[in-house]
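Build the full structure now, drawing on both the sequences and the hints.
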Amino acid sequence: MFKFIVVLASLFFASSVFAETSILNVSYDVSREFYKDLNPAFVKYWKDKTGETITIKQSHGGSSKQARSVIDGLQADVITMNQSLDIDILHERGKLIPKDWQKRLASNSAPTASTTVFLVRKGNPKNIRDWNDLVRPGVGIILPNPKTSGNGRYSYLAAWGSVIKKGGSDADAKDYIHRFFKNVPILDAGGRGATTSFVQRGIGDVLLTFENEVSLIINELGGDQFEVVYPGISVLAENPISLVDKVADKRNSRKVSQAYLDFHYSDEAQAIAVKHSLRPRAEAAADKYKDKFKPLTLFTIDEVFGSWANAQKVHFADGGVFDQIYVK
Amino acid sequence: MSSIAVSQYSNYQSRVAHNRATSEPAWIRWTLIGITLAFLSVFLFIPLAAVFTEALRKGVETYFAALVEPDAVAAIKLTLLAAAIAVPLNLVFGVAAAWAIAKFEFKGKSILITLIDLPFAVSPVIAGLIYVLVFGLQGWFGAWLIENDYKVIFAVPGIVLATIFVTFPFVARELIPLMQAQGKEEEEAGLVLGASGWQILWRITLPNVKWGLLYGVILTNARAMGEFGAVSVVSGHIRGLTNTMPLHVEILYNEYNYAAAFAVASLLAFLALVTVALKSFIEWKIERDASNEEKLSEQ
Chain A
1 MFKFIVVLAS
11 LFFASSVFAE
21 TSILNVSYDV
31 SREFYKDLNP
41 AFVKYWKDKT
51 GETITIKQSH
61 GGSSKQARSV
71 IDGLQADVIT
81 MNQSLDIDIL
91 HERGKLIPKD
101 WQKRLASNSA
111 PTASTTVFLV
121 RKGNPKNIRD
131 WNDLVRPGVG
141 IILPNPKTSG
151 NGRYSYLAAW
161 GSVIKKGGSD
171 ADAKDYIHRF
181 FKNVPILDAG
191 GRGATTSFVQ
201 RGIGDVLLTF
211 ENEVSLIINE
221 LGGDQFEVVY
231 PGISVLAENP
241 ISLVDKVADK
251 RNSRKVSQAY
261 LDFHYSDEAQ
271 AIAVKHSLRP
281 RAEAAADKYK
291 DKFKPLTLFT
301 IDEVFGSWAN
311 AQKVHFADGG
321 VFDQIYVK
Chain B
329 MSSIAVSQYS
339 NYQSRVAHNR
349 ATSEPAWIRW
359 TLIGITLAFL
369 SVFLFIPLAA
379 VFTEALRKGV
389 ETYFAALVEP
399 DAVAAIKLTL
409 LAAAIAVPLN
419 LVFGVAAAWA
429 IAKFEFKGKS
439 ILITLIDLPF
449 AVSPVIAGLI
459 YVLVFGLQGW
469 FGAWLIENDY
479 KVIFAVPGIV
489 LATIFVTFPF
499 VARELIPLMQ
509 AQGKEEEEAG
519 LVLGASGWQI
529 LWRITLPNVK
539 WGLLYGVILT
549 NARAMGEFGA
559 VSVVSGHIRG
569 LTNTMPLHVE
579 ILYNEYNYAA
589 AFAVASLLAF
599 LALVTVALKS
609 FIEWKIERDA
619 SNEEKLSEQ
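Residue numbers (my numbering), protein chains in the order written: chain A, 1 to 328; chain B, 329 to 627.
These aren't lab readings, by the way, just hints derived from the structure by calculation. Don't be surprised by glycine CBs; every beta carbon is placed ideally from N, CA and C. The reader is advised that the hints may include incorrect statements.
Stated by the list, open to error - Ranges between beta-carbon positions, derived for each pair:
1. B:376 to A:221: 17 to 27 Å
2. B:372 to A:267: 50 to 60 Å
3. A:258 to B:398: 26 to 36 Å
4. B:372 to A:221: 25 to 35 Å
5. B:398 to A:306: 43 to 53 Å
6. B:378 to A:252: 43 to 53 Å
7. A:267 to B:600: 45 to 55 Å
8. A:202 to B:472: 50 to 60 Å
9. A:221 to B:605: 34 to 44 Å
10. A:250 to B:378: 39 to 49 Å
Stated by the list, open to error - Computed list of chain B residues with no C-beta within reach of chain A, every gap over 10 Å:
11. 368
12. 370
13. 375
14. 423
15. 424
16. 429
17. 438
18. 514
19. 538
20. 567
21. 600
Set out below in structure tokens:
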């Protein structure tokens, strides 16, 4: 009996023993496929360069939940998210990273980006071409809940920004967004849930989601049933990455973690991003793959809303614009 | 003694069932049977069949490939490890608690019974959050734990803790009524004849409740392997490290990898079916033992 307990106890704590040669990347929900390709490429690069064999552990989940876990002690060496808000919070709540983390790497620390596009059913029966078509009576819009999903927030802000960028006032934008949400039959909590509602349950006429998610849907779930519609203007959805300084220093993994982040900007990694329909941000790659992506007028969150923190406060905080229009 | 009463009662029941005069008219019986069968099909048989068909949709090869894939193997191992720790611990605790409650009178007994039931009443998500609040970096002990390199939440210990919490009441709940019904006469007789505490436990108390105990262990094991909510909160979702089978199923499903998701789900369902089969076997054993005893007492 005693032996049995010893064996169990050793198994119990084994997890922390072999952690030294591995780093943990805590990421959002739909980046799984991208990192499945990128991680082996980095492992090979690192082996060639230093002779060390490392493993990269991945953790995926809803972006805000993941950030929360890191604050609560999930030992992430690096964090890779789809909006800076979920990394900012590591500074605000946990002091795990410096305030100016976003200035540490090129392109706002975002090696890749995406944008919000429309997915419609084959033949585009409702003739949806641009943002204005979404608010016509009888059009069903599917998007994830902006309160709980980064994907949903980008869709909401893209819709708002589309009015502002055409010269509209805040009041015009609010009126538009009000009519927009009258056409939303359900709000799923996350991006994948919204995809399932649209694709498998057949609800709605148009799905608003990231460009890279759209290509995944078309590849995995039947390309012949759907069509992509690119709106005239949309939001630049940056995918920022950061070292989690406090954890990396404690685990002595700063060097390899930093190299892993830098690797995101290499030609090889940018090519992998393109394969997954993520827009490359490193200049050389952005130039090289220009033809792969439809040129769109993309505005940044900072441009229209000042900052992510501001957008969050005005639109998605309790009692914010979203709460005002969605209850009406 | 009481088991004799139970089996006499079941004999009485079977006599009643065969008595035409006291049974319902045929159409009522068949409607009831029909409703039951329809209900069972919709809520049990069809979903169960769906799991196995979906799992095998892309062929047997994909099915087994999904089960031997390293992350899946890690998830299966972790699930078995969590159950292997939670079940013995709750077994010991359950016996101790049931013994104290059934055989002794003390102050605060009803409070203890209520506390044992708490994990049934609390939502598993809350159970998980309790551990995050206690052992998380922002929690009571988190900073110290991480400083000293003890991993509790977002690691295997946290998963085991959460599993223990949600499976806490099963053994005790199974044993308390059984032990209470049996009374303490046999133990008292043992004591009078000079048996020590351990002798009483091993020779009288445990043999008397062995099947009930096993039944409780099986229920504990089933819940330990299937737990999702509490484990999801404390897992951290690190692939190949802190994902249990139910979490792995969710991940595969979200990756549009339906065949693999259902393959792992079918393995879970299979484990559940084995559990149910064991449970029926034990019920059959209990009944047989009871009727044997009855025969003995009749002689």
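Status of the hints after comparison with the structure:
no. : hint                       : result
1   : B:376 to A:221: 17 to 27 Å : 25 Å, holds
2   : B:372 to A:267: 50 to 60 Å : 55 Å, holds
3   : A:258 to B:398: 26 to 36 Å : 27 Å, holds
4   : B:372 to A:221: 25 to 35 Å : 29 Å, holds
5   : B:398 to A:306: 43 to 53 Å : 46 Å, holds
6   : B:378 to A:252: 43 to 53 Å : 49 Å, holds
7   : A:267 to B:600: 45 to 55 Å : 50 Å, holds
8   : A:202 to B:472: 50 to 60 Å : 52 Å, holds
9   : A:221 to B:605: 34 to 44 Å : 37 Å, holds
10  : A:250 to B:378: 39 to 49 Å : 47 Å, holds
11  : 368                        : 26 Å, holds
12  : 370                        : 19 Å, holds
13  : 375                        : 17 Å, holds
14  : 423                        : 15 Å, holds
15  : 424                        : 16 Å, holds
16  : 429                        : 25 Å, holds
17  : 438                        : 33 Å, holds
18  : 514                        : 27 Å, holds
19  : 538                        : 18 Å, holds
20  : 567                        : 5 Å, violated
21  : 600                        : 24 Å, holds
The earlier numbered hint that this structure contradicts is number 20, and it is the only one.
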